[in-house]
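S.K.: Take 7 as the starting number for the sequence shown in my numbering and just add one per residue.
If you are wondering where the hints come from, they were derived from the structure by calculation, not from laboratory data. Please read all numbers here as calculations on a predicted model, not as lab measurements. Backbone N, C-alpha and C define an ideal beta-carbon position, used for all residues, glycine too. Misleading hints may appear alongside valid ones.
Simulated crosslink set (DSBU-like; lysine-lysine; CA at most 35 Å straight-line) [unchecked claim]:
1. K638 with K757
2. K240 with K22
3. K240 with K287
4. K240 with K272
5. K688 with K627
6. K240 with K304
7. K848 with K627
8. K272 with K325
9. K738 with K903
10. K627 with K674
11. K170 with K272
12. K1044 with K1088
13. K738 with K489
14. K241 with K272
15. K738 with K592
16. K682 with K636
17. K431 with K380
Using C-beta positions, here's what the derived DEER-type ranges look like [said to hold, decoys possible]:
18. D491 with D620: 34 to 40 Å
19. S640 with G793: 34 to 40 Å
20. A862 with Q965: 21 to 27 Å
21. T758 with E430: 52 to 58 Å
22. K216 with K304: 28 to 34 Å
23. T838 with D1005: 50 to 56 Å
24. N237 with D264: 18 to 24 Å
25. R1047 with H958: 18 to 24 Å
26. T758 with D463: 35 to 41 Å
27. D463 with T838: 50 to 56 Å
28. M624 with S849: 32 to 38 Å
29. R812 with P884: 24 to 30 Å
30. T870 with D463: 55 to 61 Å
31. V815 with T758: 34 to 40 Å
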Amino acid sequence: MSQNLNTAQPTASLAKDASGILACVQQKKRHLKSITEELNGMCTLLSADFHNEMLLNITEIVEDLANKHQYYLFNHREEPKSRENVLDKEFPEDKSLQQNSDEMNRNRKNRRRRWRNVEEEQKKSNDDEIDDPGTEIAIVLDGSGSIDPEDFQRAKDFISNMMKSFWQKCIECEFAVVQYGYQIQTEFNLQESRNAPLALQKVQQIQQLKNVTKTASAIYHVLTEIFNETNGHKKGATKIIMVVTDGELFWDTRNLVDVINMPEMKDVERYAIGVGEAFNKTKALQELELIASDPDDKHLFRVTNYSALDGLLSMLQQKLFQMEGTKGEALKFELAQTGFSTHMQDKHCLLMGAVGAHDWSGGIVKYDTQTTEKIFLNDSHENIERAKYGYLGYSVTVVQGNSGPLYVSGAPRHGNKGKVLVFEKDILTYKRLPYLEGDQVGSYFGSELCPLDVDNDRVTDYLLVGAPFYHIRGEEGRVYVYKFDKQDTFTYVKYLRGLQQDLFARFGFSVASIGDINRDGYSDIAIGAPLEGNLLDPDSFGSVYIYNTDSTGVVDTFSQRIKASDIDTRLRYFGQSIDGGLDLTKDGLIDIAVGSFGKISVLRSRPIINLKADLTFMPNKVPIVSVEQKIKASICFTILSNFSEKERDIQKSYIAYNLELDVNMEQKRIAFTNRKHTEENKLRIVELFCNEYSIIVLPCQPDCYTNITIDVSYSLENSDEMRDLPVPLLDKNGPTRASFELPYERDCNHKTVCAADLKLTTQLSEEELVVGITKDVTMDLSLANNGDESYLTTLVMMYPTNLQFRKIVEPPFPSVECTKPVSVNFSRFSMTCKISHPVFKKSVADFSVIWQLDEAKFPESLATISVNITSVNEGAKPIIEEVNIPVKHFFSAVLNKQTPDTYVNISQGSIQSADYRFTINGENPYEVPVILKVMIPTEMKGHTIMSLKEVHKTQNMTQCETLTPEGLLTRTQFSGTKWNCTMAKCKCVQCIIRTDTEDITVQTELILDSLQKIVEEKAELLISGEMSFNEKRYTNIKPIRYRDEITLILRKEKVFYLLPVVIGSAIGGFLLLALIIVIMWKVGFFKRSYKDMRDE
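Please construct the entire structure, taking both the sequences and the accompanying hints into account.
M.R.: This is the structure in structure tokens:
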């Protein structure tokens, strides 16, 4: 990060406590032999009455810190980077040498200044400057013959680069070059080097002298001729001789030891650069060590050849100029801006933020004005890149904990989200506690810190952290509130924000504890939003928000918003800084100072009055009587705020109040003597703050138990009388209304609390409700009080809207008065009954409630009747009882088969159609879902015997589907159904019927080929129909038949073959005839001759 110090505007920071004020302003300056300008603070410690007590030279403090490495934390930095790009910018190629010369000389002339000492700075303006004698560097260049022309050119390039590099930062440096060979020759002196381009040009025009090596004579020449006022030397300037050589002396008439010991050599710092291997010899090395100042490790350099000279530039720059607190290019304290933020722990302990320290990672400088002890605290434990440019020290404060002070600082750019770091002093050092981190990139979390002691006990209660760049639509800003507990830890509570319609308000840019401005005993805060309203009015913008606190912490909403336009029509950035807690106007009231662009506004606070109203009665209880009587009421106001003698102007104000009697009752039970129920009046603060009234107690109405509520509302009215102070006003967060209770007398048997003992029993006339069948429902209730008197005993009964109230059977004593049922919601009614109001003494109230059951469909499966009994007795608990009655809906349904048992001859054909028809007849007014399942056998012994084709229905509402046995159970919605296919695999046709009648026909095809294979002569297939429903919710009033079956009788005819029978019969006949013939022959039938027979 870089900063143009010539155009930087000085910034101031202030811190105060009871002992004094610390004021710091940023100053630009440079020290001798410093290659950068510095930006640090000059701080003045003032007494409480603004007298100077101490002037702090912050530069000296940070210089001391830069040389100490104990008792503070610091970040290690990276090695310096190349400066080539910087040199290119200083000497661009596209500009002429003369243009560069003019610009360089002009810059050097304007910047070649130094600030006076601190005492002079306090007396003179920042523009009062004096010349700095600067630093004079004489380069002694070896031009002997042992150096090759190429190496001599490299030596000249090295000198040019050195001059450009040093001039880039060391603007008071002047150069001279002396070459030695066979003679001693001044190439250009100090005065000539003030024209930088010309000097650089002369370096390149140097011609090598060659021959001998007269190093001692060349050094002598520098002492007598170069460091001479006639040749441009300035008295008091720092003198440096730098010798560049490649070997030992040769043919030099002067003695090197004598030259080194010359009186003119005092205050001259010598550097020796040896090039080449010649210095491996003892004599040459001894000469080189003699030339270099002590210690040698800081003044003697050796390189192997001239090409390596450029590698010495960065090292030489550090050795010659010794920047305090730097390592290479990493800045430590030069641009620390110490005092950017300040805080006074007490008169002797000062905290100063150093946002620019360590490459703007920042830190805190803790300074003890008594012991002059200096401590630097920063973040050394985080990642270097995250801590870099974190701006730690942007805000600093001290939080007073139970175990001691904690040092808190904001780093709004740390890790891009911002952090708040907390440090605690340990026995020997300081340790870092857990940090607070922002939650949005770029919000600048931690840019403002405000510790808040709410109850003024000198222990911090809250820490407010500003994040003014927090953005939603623009940079609206936020302030985070953290609670600081007894364990010295921070806990996030909430965040505050301004009006969200103002974009880019930067709410939280400034936060300050401003003391107790509303006189309630708790400290208040002010938050600035300096850009609020700038888009609407660029000439007057900015706001200040006032937040009050109480015993619970910071109030969520602001009590006042002060706009810039309320103060001045041309006030810009109003609220960019805020402070308070002091009485600047000497009127006994806390004032607030608000900074804006070029102006500071002091806002006087108005006297804040905190009132307390009190209303008392005589007697303090209302007797329960049947005639009117009077009681006395006294209204008094007490001012809780303490006022000084200067604030007696408040006596010119009035308290205006309004009394309203029995606010919670339509029928009033008390009244004023004029029979009105409201009364307005006012009291002057200088008078007695009390008024008395006579109140009439009216005869006892039904409610003679609940307390009578009287409301008091009040406000402040200011007269037109002349005042020395602003007119007072009531605390906006304070009460402006109060309520008071006037109780009735109660008889509790000499006890302070009446303890009633209520017992409730209920009984229903029905165990279940059947919609369409059940007509009336009766609930008998018995409420007994076995204890003290019960006041305003109330029974609230809630029941379903399907129960239509008919009447209540009331007992003669005690009284039971019930209101008409009212609809609570679309499904329930409520009825309220007063049980012996106002007093239910020791007795039993028996009564009954009768309903008529509506024939409309009941929405639930249970009818819930709830009874809630309450009383206003102190500590009485309600009696709650719920009765749940099952609810069913009636229907009637009968299942019949319409297909008779059928004989089927399976001997002929391959496929035959078969239809099965079932009907359901009955009454179904509530669309009860009746399930009909038709079971069709489809497979037997591995053969498909029947296939399902189509299902026909007659009602559109009926839903049918075909189920498999696996899907049947998962799709069954109602219980009580099972498959009845034990022999064959089946398919199920399931229909859900919601109508009075339905006719279901299932069309199938018999597979005769398969049946012929498995049926021998006769078989029966059972096609079953089964009806079911949810018996928990519905009742079938005609439970005649739930199942029916259609029997399919399968017959198979036998086939007879006649040919074998005929052949077998013929053969058998022939055999029989042969047998008969043989028998006849055996018996001699054929032995008688026909003739004999005839003769006979």
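S.K.: If a hint holds in the structure, say so; if it does not, say that too.
M.R.: Quick rundown of the hints versus the structure:
| no. | hint | result |
| --- | --- | --- |
| 1 | K638 with K757 | holds (26 Å) |
| 2 | K240 with K22 | violated (46 Å) |
| 3 | K240 with K287 | violated (39 Å) |
| 4 | K240 with K272 | holds (16 Å) |
| 5 | K688 with K627 | holds (27 Å) |
| 6 | K240 with K304 | holds (26 Å) |
| 7 | K848 with K627 | holds (24 Å) |
| 8 | K272 with K325 | holds (19 Å) |
| 9 | K738 with K903 | violated (87 Å) |
| 10 | K627 with K674 | holds (17 Å) |
| 11 | K170 with K272 | holds (28 Å) |
| 12 | K1044 with K1088 | violated (88 Å) |
| 13 | K738 with K489 | holds (24 Å) |
| 14 | K241 with K272 | holds (14 Å) |
| 15 | K738 with K592 | holds (24 Å) |
| 16 | K682 with K636 | holds (14 Å) |
| 17 | K431 with K380 | holds (14 Å) |
| 18 | D491 with D620: 34 to 40 Å | holds (36 Å) |
| 19 | S640 with G793: 34 to 40 Å | holds (37 Å) |
| 20 | A862 with Q965: 21 to 27 Å | holds (24 Å) |
| 21 | T758 with E430: 52 to 58 Å | holds (54 Å) |
| 22 | K216 with K304: 28 to 34 Å | holds (32 Å) |
| 23 | T838 with D1005: 50 to 56 Å | holds (54 Å) |
| 24 | N237 with D264: 18 to 24 Å | holds (23 Å) |
| 25 | R1047 with H958: 18 to 24 Å | holds (22 Å) |
| 26 | T758 with D463: 35 to 41 Å | holds (38 Å) |
| 27 | D463 with T838: 50 to 56 Å | holds (53 Å) |
| 28 | M624 with S849: 32 to 38 Å | holds (35 Å) |
| 29 | R812 with P884: 24 to 30 Å | holds (27 Å) |
| 30 | T870 with D463: 55 to 61 Å | holds (57 Å) |
| 31 | V815 with T758: 34 to 40 Å | holds (38 Å) |
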